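> Sequence:
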Amino acid sequence: MAKNDGIHREESATLDEAAHLLPTSSEVRDADSETSCTTPAWDSFKDFEGLPWWRQPSVYWLLGPYIIFTLAFGGVMVPKLDLILQLVCRQYFADEHSRNPDAVFQPVLLGSENPQCDIPEVQANVAKFMLVMNLFTGILSAIVAPKIGHLSDRYGRTRLMALASVGGILAEFITILVARYPDAISYRWLLLGSAFDGMTGSFTTGSIMTQSYTSDCTPPSKRAVSMGYVHACLFTGLAFGPLLAGFFVKWTGSLLSIFYVVMGCHIGFMLFVWLVVPESLSQRKQLVAREKYEKDKELQSPVSPSWVNTLRTANPLAPLKALYPTGPGTSPALRRNLIALAINDTIILGASMAAGAVIVLYCGRTYHWDLLEKSGFVSLLSLVRVVVLMGIYPVINYFGRIRPAARRRRESGVVAVERNRGADELDVLILRIALTSDVIGSLGYVFARSSQVFVVSGMMTAVGGLGSATGQAMITKHVPSERVGQLLGAIGMMHALARVLGPVLFNGVYALTVGRFDQGIFVLLASVFGFALVVSFAIKPYVVWEDEPEDERQPLNQTEEAFTVPDGQVPLDEEDQVRF
1 MAKNDGIHRE ESATLDEAAH LLPTSSEVRD ADSETSCTTP AWDSFKDFEG LPWWRQPSVY
61 WLLGPYIIFT LAFGGVMVPK LDLILQLVCR QYFADEHSRN PDAVFQPVLL GSENPQCDIP
121 EVQANVAKFM LVMNLFTGIL SAIVAPKIGH LSDRYGRTRL MALASVGGIL AEFITILVAR
181 YPDAISYRWL LLGSAFDGMT GSFTTGSIMT QSYTSDCTPP SKRAVSMGYV HACLFTGLAF
241 GPLLAGFFVK WTGSLLSIFY VVMGCHIGFM LFVWLVVPES LSQRKQLVAR EKYEKDKELQ
301 SPVSPSWVNT LRTANPLAPL KALYPTGPGT SPALRRNLIA LAINDTIILG ASMAAGAVIV
361 LYCGRTYHWD LLEKSGFVSL LSLVRVVVLM GIYPVINYFG RIRPAARRRR ESGVVAVERN
421 RGADELDVLI LRIALTSDVI GSLGYVFARS SQVFVVSGMM TAVGGLGSAT GQAMITKHVP
481 SERVGQLLGA IGMMHALARV LGPVLFNGVY ALTVGRFDQG IFVLLASVFG FALVVSFAIK
541 PYVVWEDEPE DERQPLNQTE EAFTVPDGQV PLDEEDQVRF
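Going by the working numbering, the first residue of the sequence shown is number 1, and it counts up by one from there.
Simulated from the structure, these hints should not be mistaken for lab results.
Just so it is clear, the structure is predicted and the values come from calculations on it, not from any experiment.
Keep in mind that the hints are not guaranteed to be accurate.
Stated by the list, open to error - Label-pair ranges, simulated between beta-carbon atoms:
id	residue 1	residue 2	range
1	ALA94	GLU294	54 to 60 Å
2	ARG403	LEU501	29 to 35 Å
3	PRO404	LYS295	41 to 47 Å
4	VAL523	VAL132	36 to 42 Å
5	GLY391	ASN100	54 to 60 Å
What the hints assert, rightly or not - Capping the alpha-carbon separation at 20 Å, the derived lysine to aspartate or glutamate pairs in DMTMM-like fashion look like this:
id	residue 1	residue 2
6	LYS540	ASP518
7	LYS147	GLU294
8	LYS540	GLU425
9	LYS292	GLU425
10	LYS297	GLU482
11	LYS46	ASP518
12	LYS295	GLU482
13	LYS250	ASP102
14	LYS321	ASP118
15	LYS147	ASP518
16	LYS128	GLU96
17	LYS147	GLU373
18	LYS321	GLU294
19	LYS128	ASP518
20	LYS321	GLU298
21	LYS321	GLU482
22	LYS250	GLU96
23	LYS128	ASP118
24	LYS147	GLU49
25	LYS292	GLU546
Even for Gly, the Cβ is constructed at its ideal location relative to N, Cα and C.
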């Protein structure tokens with residue numbers, strides 16, 4: 001036993017010396033597959049060695065269908081908002097006519113310009129209705145998302161990712177019915193679509209499943225860039241989707257046509273993820289997670305009465321305990337980092353989603369933009385995010401991680417296997433810069449009195465897109481791989497709660513201040529991003545959950561093997577932290 005302990009201490013010392021080193025430059029040949037689960041330098045790669053390429057999970061499997069999905073998602077945002085505006089406006093003037101039959105009102109034509117709908121009363125009604133829609137979706141997804149996230153650790157990511165699209169398909173189907181038969185079906189039936197969307201976890205579940213899949217396939221040092229690729233796909237859809245949708249609506253002459261296209265994209269994405277995309281969690285890891293889950297249930301059962309277990313299971317806030325782990329390997333710094341990162345990620349996503357629709361309403365009222373101009377504004381901001389994530393971010397990663405680590409490796413000549421070491425200083429710095437950009441851009445919105453200044457301020461907030469990709473990658477670097485789904489499920493619950501509270505704040509403030517102080521929502525936006533910036537200073541680098549499952553650990557007699565590269569096998573291409 002003492003001999004083994006000595007070997008373990010000697011091995012740990014060797015690993016610490018190698019922790020910042022990179023392999024040789026010959027690994028450039030593996031650059032194209034750096035995010036594939038088959039690269040032999042990350043624990044998750046082992047279960048997929050020897051499989052054909054079409055069964056090897058990689059983040060690249062998601063990028064193609066994800067772009068199609070986000071093009072549809074981005075393309076329908078402004079048309080759906082305009083549809084809701086016109087339906088609510090139509091009902092408002094119908095109610096006014098019933099109260100005052102002698103008054104003459106200009107008819108509201110769906111799919112056409114309706115300047116009579118720009119009055120504060122209609123804008124306030126739209127904000128309130130959107131608030132109720134977000135409440136339906138947010139509350140239900142807050143309950144469902146963490147359960148699906150935890151379930152994915154035991155049964156895989158792809159099937160549950162496909163399940164998250166079912167609600168969106170049903171929601172778009174109801175939207176088509178309401179838009180096609182506005183005289184027979186009230187616009188309030190859109191609330192049922194929001195409920196269906198929330199029952200399958202909505203965008204929140206799809207997001208955490210995508211993050212979990214990417215985390216499974218990507219070593220920690222490359223995870224932020226891979227997350228950036230996924231976010232770039234999202235913003236590519238948001239950049240070109242509105243423009244394509246605007247031209248498509250003009251070409252077809254029907255606002256309804258775009259909703260058919262969106263529903264088709266939802267169905268295509270669901271089928272591709274379900275039937276084509278390889279599962280990122282091997283059967284071995286799924287079985288291990290199931291066994292641990294059953295053991296946890298057995299440990300809880302004899303200690304607590306059955307009714308206590310029932311209450312614990314039914315507690316809707318129980319998943320949040322994943323943000324405050326205790327036990328071996330944890331520390332106060334770990335808990336502080338997880339809570340701070342969860343708050344930051346929730347604010348970034350919640351504020352972006354809640355404020356986006358209200359900003360479009362503000363543009364239409366203040367600058368009298370039509371559908372194409374509003375779509376162009378959304379597209380421009382999304383395009384800036386794409387350039388930042390796919391152009392600037394990899395350059396930052398190269399000069400901030402790859403070159404310094406390569407220099408350290410050349411000086412030592414040691415090759416080691418990568419492991420989690422938590423977020424590094426570069427991660428923390430990028431997150432703070434992104435939040436600072438959001439604060440500056442939000443203040444620019446407040447003081448903008450021309451459309452040009454408003455657009456420039458929006459581009460400044462778009463640079464803050466770095467914060468979302470970086471923050472999500474940082475979260476997954478803090479915990480072992482078998483806990484990623486559970487942790488992201490808790491984050492997903494906070495995202496869903498943000499979808500509830502965010503619209504309450506932003507739509508409520510806009511409804512109260514429209515016509516009096518329209519910029520009130522931007523004061524609120526700057527305040528929440530400022531709070532997130534302050535919280536980010538609580539995050540410390542190189543904090544990680546040290547606890548690893550026994551079945552994941554390498555035997556002690558494999559020290560020499562880990563530093564030996566088999567014949568014909570190309571060494572690992574490292575960027576930052578490495579692991580034996």
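> Hints first: check each against the structure and report whether it holds.
Hint check:
no., hint, result
1, ALA94 <-> GLU294: 54 to 60 Å, "holds, 58 Å"
2, ARG403 <-> LEU501: 29 to 35 Å, "violated, 43 Å"
3, PRO404 <-> LYS295: 41 to 47 Å, "holds, 43 Å"
4, VAL523 <-> VAL132: 36 to 42 Å, "violated, 24 Å"
5, GLY391 <-> ASN100: 54 to 60 Å, "holds, 57 Å"
6, LYS540 <-> ASP518, "violated, 38 Å"
7, LYS147 <-> GLU294, "holds, 16 Å"
8, LYS540 <-> GLU425, "holds, 8 Å"
9, LYS292 <-> GLU425, "violated, 34 Å"
10, LYS297 <-> GLU482, "holds, 17 Å"
11, LYS46 <-> ASP518, "violated, 56 Å"
12, LYS295 <-> GLU482, "holds, 15 Å"
13, LYS250 <-> ASP102, "violated, 35 Å"
14, LYS321 <-> ASP118, "violated, 45 Å"
15, LYS147 <-> ASP518, "violated, 39 Å"
16, LYS128 <-> GLU96, "holds, 18 Å"
17, LYS147 <-> GLU373, "violated, 40 Å"
18, LYS321 <-> GLU294, "holds, 18 Å"
19, LYS128 <-> ASP518, "holds, 16 Å"
20, LYS321 <-> GLU298, "holds, 19 Å"
21, LYS321 <-> GLU482, "holds, 16 Å"
22, LYS250 <-> GLU96, "violated, 31 Å"
23, LYS128 <-> ASP118, "holds, 15 Å"
24, LYS147 <-> GLU49, "violated, 31 Å"
25, LYS292 <-> GLU546, "holds, 18 Å"
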